[in-house]
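S.K.: Next come the chains, spelled out residue by residue.
There are 2 protein chains.
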Amino acid sequence: MNRILKTKQVFRIFYHQIAGIQIIMKKTVLAVGSVALDDIKTPFGERRNSIGGSAIFFSMAASHFTKVQIVGVAGEDFPRETITLLQKHQIDTQGLSIISGKTFRWGGVYHDDINIRDTLYTHLNVFADFQPILPDNYRTTPFVFLGNIQPSLQLEVLKQLHQPEFVALDTMNLWINTTHADLMKVIALVNLLIINDDELNLLSGESNMLAGLQKIHQMGPPFVIVKKGEHGAYLSYHNSLFFTPAFPVHQPTDPTGAGDSFAGGFMGYLAACATVNFLNMKKALIYGSILGSLAVEHFSIDGITTLSRAQIDKRYQTLRKMVLI
Amino acid sequence: MNRILKTKQVFRIFYHQIAGIQIIMKKTVLAVGSVALDDIKTPFGERRNSIGGSAIFFSMAASHFTKVQIVGVAGEDFPRETITLLQKHQIDTQGLSIISGKTFRWGGVYHDDINIRDTLYTHLNVFADFQPILPDNYRTTPFVFLGNIQPSLQLEVLKQLHQPEFVALDTMNLWINTTHADLMKVIALVNLLIINDDELNLLSGESNMLAGLQKIHQMGPPFVIVKKGEHGAYLSYHNSLFFTPAFPVHQPTDPTGAGDSFAGGFMGYLAACATVNFLNMKKALIYGSILGSLAVEHFSIDGITTLSRAQIDKRYQTLRKMVLI
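Sequences listed follow chains A and B, in order.
Positions 28 to 352 (this note's numbering) are the ones given, in order, by the first sequence.
Positions 28 to 352 (this note's numbering) are the ones given, in order, by the second sequence.
Derived by calculation from the structure, the hints in this document are not laboratory data.
Treat the hints with caution; some may be incorrect.
Since copy identity is lost for identical chains, a pair holds within one copy or between any two.
With a straight-line cut-off of 27 Å between C-alpha atoms, the simulated DSSO-like cross-links for lysine-lysine are [stated by the list, open to error]:
1. Lys-94 - Lys-53
2. Lys-242 - Lys-348
3. Lys-348 - Lys-309
4. Lys-310 - Lys-242
5. Lys-186 - Lys-115
6. Lys-115 - Lys-53
7. Lys-212 - Lys-115
8. Lys-309 - Lys-68
9. Lys-341 - Lys-242
10. Lys-68 - Lys-186
11. Lys-242 - Lys-53
12. Lys-309 - Lys-255
All values derive from a computational prediction rather than experimental measurement.
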């Protein structure tokens, strides 16, 4: 399988050079993470059984740019329509196991300051025994997103992969505090760490972003993204910093999944580029920001599902105009 | 005096057109505000009798771009050396009254999260009876900054001015809550309101920035700047938004006066431009951000005093690179 794929790639590159036309080989992105049904209340409404989970938000966001393979587990209560919807978006759901039991469920209430939320309950259900097994045709996928799950499982995923080109990692305070050694092993192996500003401070032990970034780079990843929610996002690479503001939205309805949608926009755009370089990663950061903004405007994946590329690009141009003189 | 100034201006514009060379007439900026001696403690040190006050920070920041006239009041304890220092920076101190009594004094402690501070005491002293009287040669000054003082005093200043070209206004929660009617009168008369995000919410009654900005514009000012501290700043003009991130600093030592230094950088740069337009205001916003970042790196005005224009411009270029692709 691997050899066939490589031959195909060589042919395409050859063709590309002969013809002198830009043929961009869109690479596939693999996403591992949670699949959830959430009960969410925000100042702007509430929704029960809201389709969620990091793998779902990520995949839907990335699907606007390239093909996606999803790895996760759901229970029998997970809606068939959602799986059909994912498939319609070029998302390969072979790696999404539906097993006996209930889907992971999270209940939360957002405050009037929508950046603050209280968790009402977390029922792991079928997610408790999640063991990510990659279908054979996922193992040579070049772009990989390790969503926010236990670091030991993220390591298991990496072991099953054959020399991925670019791996991005998400994590959270829980793993930084409770499974630090495993987390450090994963961090050392990835190209990009995506964290928010609180996680940066906790992981680095520094309250200053620049000092924190320096420490994270020393842990391994050449690229680090610091998400600051409505305050934008930084991309750090050695001594270079790139920043994009968030797209200002009129009404942030539900912030759930915004970070994963951000990651999906970033990785999807980057995988669709001819090469991974700092320039394309800057553009990817802006696309990430756009997908994040689209996600928060609606409950669940509603804001990032029925979208045209033209709509995404229009918002991209508006955001760029906001910083250009 | 007024006629002489106007004749000079006409001559310069005429010359400018004849020669076809860009001769920028740097306009003077008038600053009204507080003059203070502060006792400050931050996680990075402490300083007693720290030279401060909105008029001082603003003037020093603006002086790197153009001539400044200061209006304020200090007591006999205010250091002579500081007045000499201001004069060395092309700051006209005729409007700075030194009267019998003590200078306004503020004592405060900043938390580990340097965005949070506790006020220990506020001694108004000579500032309690402050009545801004403009020297004759200040009354035709084209650029005016109404620093954060009682709105009724800001109105008094406006009455003494002869058709200023561009007036910027700063205010705070105290005046929004206690002297709302007067504040609304001033707001209706100015070109630019400079506020932070909390003040925007309080003044507009909106928690969303876009909705808040719309309401503020309806109160009068065609231009609004929203300062978000380390998260950057927005400039709003009708339906156009411009954003600049803050310059990331390694160690924010003392945030006191950062907002006034920001305003000084903004107004100083703009007054030094040939024309007031949105493009120059965008650049001015970036210069404001730079002067704010320089101010927070040191106690008092130390970070914005011994500075070359080249140092400021270098930081400007670095900040621009951070958002360009």
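S.K.: With reference to the structure, classify each hint as holding or not holding.
M.R.: For each hint, the structure was consulted:
Proximity of Lys-94 to Lys-53 under the C-alpha cut-off of 27 Å is restricted to the intra-copy arrangement: shortest distance 8 Å within a copy versus 57 Å between copies. When the C-alpha separation of Lys-242 and Lys-348 is checked against a cutoff of 27 Å, the pair qualifies only between copies, where the shortest distance is 23 Å, while the shortest distance within a copy is 33 Å. Taking the shortest Cα distances, Lys-348 and Lys-309 sit within 27 Å of each other both inside one copy (15 Å) and across copies (12 Å). For a Cα distance limit of 27 Å, the shortest separation of Lys-310 from Lys-242 inside one copy, 25 Å, qualifies, whereas the shortest one across copies, 33 Å, does not.
Taking identical chains as interchangeable, the C-alpha atoms of Lys-186 and Lys-115 are never at most 27 Å apart, the minima being 30 Å within one chain and 67 Å between chains. Proximity of Lys-115 and Lys-53 under a CA criterion of 27 Å is satisfied intra-copy only: 18 Å inside one chain copy versus 61 Å between copies. Neither within a single protomer nor between protomers do Lys-212 and Lys-115 lie at most 27 Å apart by alpha-carbon distance, with minima of 36 Å and 58 Å respectively. In this assembly of identical chains, Lys-309 and Lys-68 lie within 27 Å of each other by CA distance neither inside one copy nor across copies; the values are 34 Å within and 39 Å between.
For the identical chains of this complex, Lys-341 and Lys-242 are inter-copy neighbours only, at 26 Å across copies versus 37 Å inside a copy, given an alpha-carbon limit of 27 Å. For the identical chains of this complex, Lys-68 and Lys-186 are neighbours neither inside a copy (39 Å) nor across copies (52 Å), given an alpha-carbon limit of 27 Å. Within a single copy, Lys-242 and Lys-53 get their C-alpha atoms no closer than 33 Å, and across copies no closer than 45 Å, so neither meets the 27 Å cut-off. For a Cα distance limit of 27 Å, the shortest separation of Lys-309 from Lys-255 qualifies both inside one copy, at 16 Å, and across copies, at 23 Å.
Checked against the numbered hints listed earlier, the structure breaks hints 5, 7, 8, 10, 11; every other hint is satisfied.
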